[in-house]
Structure formats: C-alpha cells, structure tokens
Amino acid sequence: MLRRYSVHLSLATVGGLIVYLAHQEYISLYIMSVLMFMGVNIIMSTSLNLVNGYMGEFSCGHGGFMCVGAYVSSLLGVWLFAGDKVFGAPLLNPKYTLYAFPLLILVGGIAAALAGLLVAIPSYKTRGDYLAIITLASNYIIISVIENIGAIGGSRGFMGMKQLINAMGKSVDLPWMPIWVFLFTVFCIWLMRRYISSTFGKGVIAICQDEVAAEIMSVNTNKIKTITFMVSSGMAGIAGGLFAYILGYVNPGSFNILKSTEVLVMVYLGGMGSLSGSVLSAILFTILLELLRPLQIVKWIVIPLLLIILMQFRPEGIMGNRELGDIFPKLKKFYRFK
Amino acid sequence: MSIPTEKRPVLEIRNLTQNFGGLRAVSDFNIQLMPGELSGLIGPNGAGKTTVFNLVSGFYQPSEGAILIDGVPTGGLKPHKVTALGVARTFQNIRLWNEMTVLDNIRVAQHYRLGYGFFHSAVRSKRYMRREAEIAREAAELLDIFHLTQYADEFPKNLPYGTQRKLEIARALSIHPKLLLLDEPAAGLNSSDIQELIRLIRWIHEMFAVTIWMIEHQMDVIMQLCTRIKVIDFGETIAEGNPEEICNHPAVITAYLGDDTI
Chain A
1 MLRRYSVHLS LATVGGLIVY LAHQEYISLY IMSVLMFMGV NIIMSTSLNL
51 VNGYMGEFSC GHGGFMCVGA YVSSLLGVWL FAGDKVFGAP LLNPKYTLYA
101 FPLLILVGGI AAALAGLLVA IPSYKTRGDY LAIITLASNY IIISVIENIG
151 AIGGSRGFMG MKQLINAMGK SVDLPWMPIW VFLFTVFCIW LMRRYISSTF
201 GKGVIAICQD EVAAEIMSVN TNKIKTITFM VSSGMAGIAG GLFAYILGYV
251 NPGSFNILKS TEVLVMVYLG GMGSLSGSVL SAILFTILLE LLRPLQIVKW
301 IVIPLLLIIL MQFRPEGIMG NRELGDIFPK LKKFYRFK
Chain B
1 MSIPTEKRPV LEIRNLTQNF GGLRAVSDFN IQLMPGELSG LIGPNGAGKT
51 TVFNLVSGFY QPSEGAILID GVPTGGLKPH KVTALGVART FQNIRLWNEM
101 TVLDNIRVAQ HYRLGYGFFH SAVRSKRYMR REAEIAREAA ELLDIFHLTQ
151 YADEFPKNLP YGTQRKLEIA RALSIHPKLL LLDEPAAGLN SSDIQELIRL
201 IRWIHEMFAV TIWMIEHQMD VIMQLCTRIK VIDFGETIAE GNPEEICNHP
251 AVITAYLGDD TI
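Just so you know, the protein sequences line up as chains A and B, in that order. Just so it is clear: in the first sequence, position 46 is 46 by the working numbering, and no numbers are missing. Just so it is clear: in the second sequence, position 177 is 177 by the working numbering, and no numbers are missing.
This list has only true hints and no planted wrong ones.
Below, a list of computed lysine-lysine pairs in the DSSO-like style, where the Cα atoms sit at most 27 Å apart:
hint, chain 1, residue 1, chain 2, residue 2
1, A, LYS95, A, LYS85
2, B, LYS78, A, LYS223
3, A, LYS125, B, LYS81
Have a look at the derived ranges for each label pair, beta carbon to beta carbon:
hint, chain 1, residue 1, chain 2, residue 2, range
4, B, ARG137, A, LYS330, 28 to 38 Å
5, A, ASP129, B, MET219, 36 to 46 Å
6, A, LYS330, B, GLY188, 34 to 44 Å
None of these hints come from the bench; they were simulated from the model. All residues carry an ideal CB built from backbone N, CA and C; glycine is no exception.
So here's chain A without its partners, still in its complex pose:
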C-alpha cells in the first residue's frame, strides 16, 4: 500500500514544500528561479535521452524545438490574454489566464512536436552521423526563421509574458510558475516512463539495438521513430514554453547550438538510456552552472573540460543505462513508479 503510493506521496510533499516556501517567501526569488530552471532542464535532458539514449540516434538540435515551444506559447498567450503593440488589446479576459495556461504550454509542445517532423521524416532513410547533421541544420533553420520575422521582434526577442503571470497571481494568490513547472516536469517524466516501459515503447530500444531485426520482427520502425521524435521534441517545446514564462522574455539567441550542447552534456553526464540518470544530471548540472557563474564566460571552458574528463574515466555517465532501482535494489521495496 505504502509502496504503491510512496512516489505520489513524496512528490506531493516536495511539490507542496516548494510552493509553501515560495509563497511564504522563505526562499529568495533567485533560488526559486534556479529551482524552476532545474525543472526545465530535467524535461530537456530526459526528452533528449529518449532519442539519444533509448533510440540510439544522435540529435544535437534539441534547442531548436525548445525555441518553437517557447515562441508559440508566448505569442499565443500574449495574443489572447495580454495587451501588446503587435497584437493590440487582449482577445479574452485576462482573468481566464489561469485556466488556459496549461493549454498554452501544451499548444507550444504540440507545435514543437510538429517541428520534430523536420527530423523524423529524414530519419526514415538516414541515421547516425548524417541524421545528426540534419538535426543541427533544423536547429539553425528554426532560429533563423524566427530571427527574420520582424513582427515578433526578430533577434531582439519578444516579451509581455509577465502580464500573464501577474494575471494568474491576481486570480488566485499562489506562486503559479513554480507550480506549473513542477507539474509539467512530473507529467513529462511520467509520460516518458510509461511510453518506454510498454511493449509498444520497447520498440524504440529494439531500433537502437538492431533496426533490421526490429523491422523484420514486425516493428513499424518508421512509425516508432516518428512518435519518438515527436514526443521528444514536443517535450522540449513544453520546456521552452515554461522557460519563456519563467524569464518573461524570449529571444532566439538563447536556443542556439550552445543550448543544444548544454542538453547533450546533461544527457551524457547522466547516462544514456537512464531516465533517473538524466533527472539527476540535470539537477547537478543546473547547480554547477550556478556555482560557476562568477567565472562568467570561463565556465564554458570548465564545463567542456568536465565532459572530456567524464568521457575518459566514466564514458557511460553517472548511471550507465541503469535506473535508480537497478543500482539500489532495496529502494524497489519502497516505491513503485509506473
């Protein structure tokens, strides 16, 4: 009984605690924002792990899909609920923002999932290094398209999302952003876990290990690839939407190849094909980035150096391709996560 609900209980406790502390302002806004970026990074690394770890492809353009999600949910949100010089007066009454917010983020995710087709369709015929180049190209395409649409700010970026956050706070006085980030992070991990542990989702791992055998043993490899790329990029879109609303400002520059590399580092740090590894490494990486902040641009020498050391001494990452329960089998007595 306790084993069955222990995950739910501990998640509720952690979530409740964060919200309570934020609401009572026991933790500073700075720490709060670090915690929220942690959530965004967890979604980014687990979703990229789906493609790079479980499916064995090499996607290095994950930032592009994040960008699509960020822009679509921001533009839609501002168009519907906030006044803006581009869109004019809000279409709907701002007091509905609270109810529509998860939908805005999801629409961003769906748009990013559709953008994922940009990679999914070439993947039918290409794989390995060549597909990696395609993912890189798609990242550039997305960034360049947005940089060149002047109406939404081009490379200067787009803002106005803070009005939605304020409107939500006015409806019900709670720190809404931490709540949404927490809920979406849990939702994404939960969805991926269910997908990958079903017989249907095991087709993804079969493709990774032997694509020819998968196709001959009746796995519709094209369909599985499409779904996996779309789920992965859709989640990156959700992370992007949350990122945009946390900052209250987006510009295409923050989703360039550097962002994609950051996510790659998290995936390899955590271990390929390990969801718990990705969660763990996203948390560690976010803390590390903050600790190294005083170094400013020098941190981009330190972090890649860490990656080189990691590849030399522990190429399988923190967790290898095992989950937390495989490393500490005793833990399984206390929880069941499905």
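With the hints as your guide, set chain B onto chain A.
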C-alpha cells in the same frame, strides 16, 4: 494444430529477378511451397540465396516478378507488413536484441498484433492492461515450450551460441508464422549442437505445423530434413528435386566441386 486442407501455396514466387546495378543476383526464380512442406535452398557462396530470402521478407523490392504469401502479393510492402502476413525469419548471423531480456525479445516481436498505440500506453487504458497481460503470458508460455524459462531475465548476449540460435527461432515462431525462413541455422554450431538443431527443426515442423524453407551449407542438415531441395548458382536455378536426386545431379556437382575442363 492441423495442416490446412485447401491446397493453396503458402509461398509462391513467379519469375523473380533482382538486379543490383549491373549484377543480376537472382534470375527468373520460381517456386511453390505447399502448406507443411520442409524445403531447402542451397548453392555455393554468393549464389543469391540470402538475396531470395531478403526479397521474400520485403527488404528489397524485386526488379521483376512477383511474390505471393498465401495468395497475397507482397509487392510494395514494407518488411514489417510482410511479417504481419505470416512470414518469420532468422538470420545467418544471429540478430537478437542483445541488451534486452530474453522475455522482452519475445514481447517486442508482438508489435504486429499489439492492438494499442502511444495513447493507450500513456493512459494505461483497459485495453493496454489486457493486451500487455496477454502478451506477457503468451511470451512466458513460448519460453516454457522451448525450455528457455530459466533465461527469461538474462540478456541474450550472455547465453551460449546454440541457445541464442534457439531463442532466435523461438522469437520467429512467436509471431505465429505460416512460413518460417531459416537462413543457415547451423552456421557456427558444433556437431552435437547440429544434431540438436535437426531435432528442434523437426519438432517445430510438427508442433507448429509451419511451412519451413531453409538455406544451409551443412549438407547432412539439408539431407536429413528437407523433402525437396532447390539449387541455385549465380542467381540461376540449376537443379531441383529430392535429396537423392540432388546428390547425384551433374550440374550440382559441377557447381560445388568445379568443372574438370580447364
């Protein structure tokens, strides 16, 4: 299980030709396999045997000719669709999913009749729960029949070679095929393993009432098992008949041992 009464060939190949650029790998190949038949395909290295199997399982689209599985033409179908029609195969070099448990190897092969998709796996619908339970039960039963239950949670890469071969055949049979293609099942096995393999194939043939077509270089395997043998060389059919006829066929002897005119 009984052998179907109607006499429609399980596999019919008509005038099959396959060109790779300028190379004609298979030329004007014809065969009819009746339900319950155990037939062999032999020939020297590079004769085009595996190409024929790849054509039947849908990896290549034939340059000319037609392939019919139980009367259904497979032209234009992707391999997983051909598999769903009831064609299973094994590979010359064993192709199991090595980092997936033995049980999961069988489960993933049920994709053609999963009956649910991404949405069901996300919400864990009733249908999903029912199908997963059925698939897990059937997979466990199959492992039991093949005496592989003790390895259910092992990775295939840790199993002895002969057991891997057996598992690959079990995985192929898990899709309830009408036609089983075995591509050199005895490759890499020692002589005692080969005797066991012969017994296994014979047993499968009766137990699952499946039509079997096999490529093999070990002549005693072919001679002991097959009732009909086809010999190809450089893509051309050079002989066809029962084991005795093939053994004494001059064209076969020439193809295997060479011509004594220089």
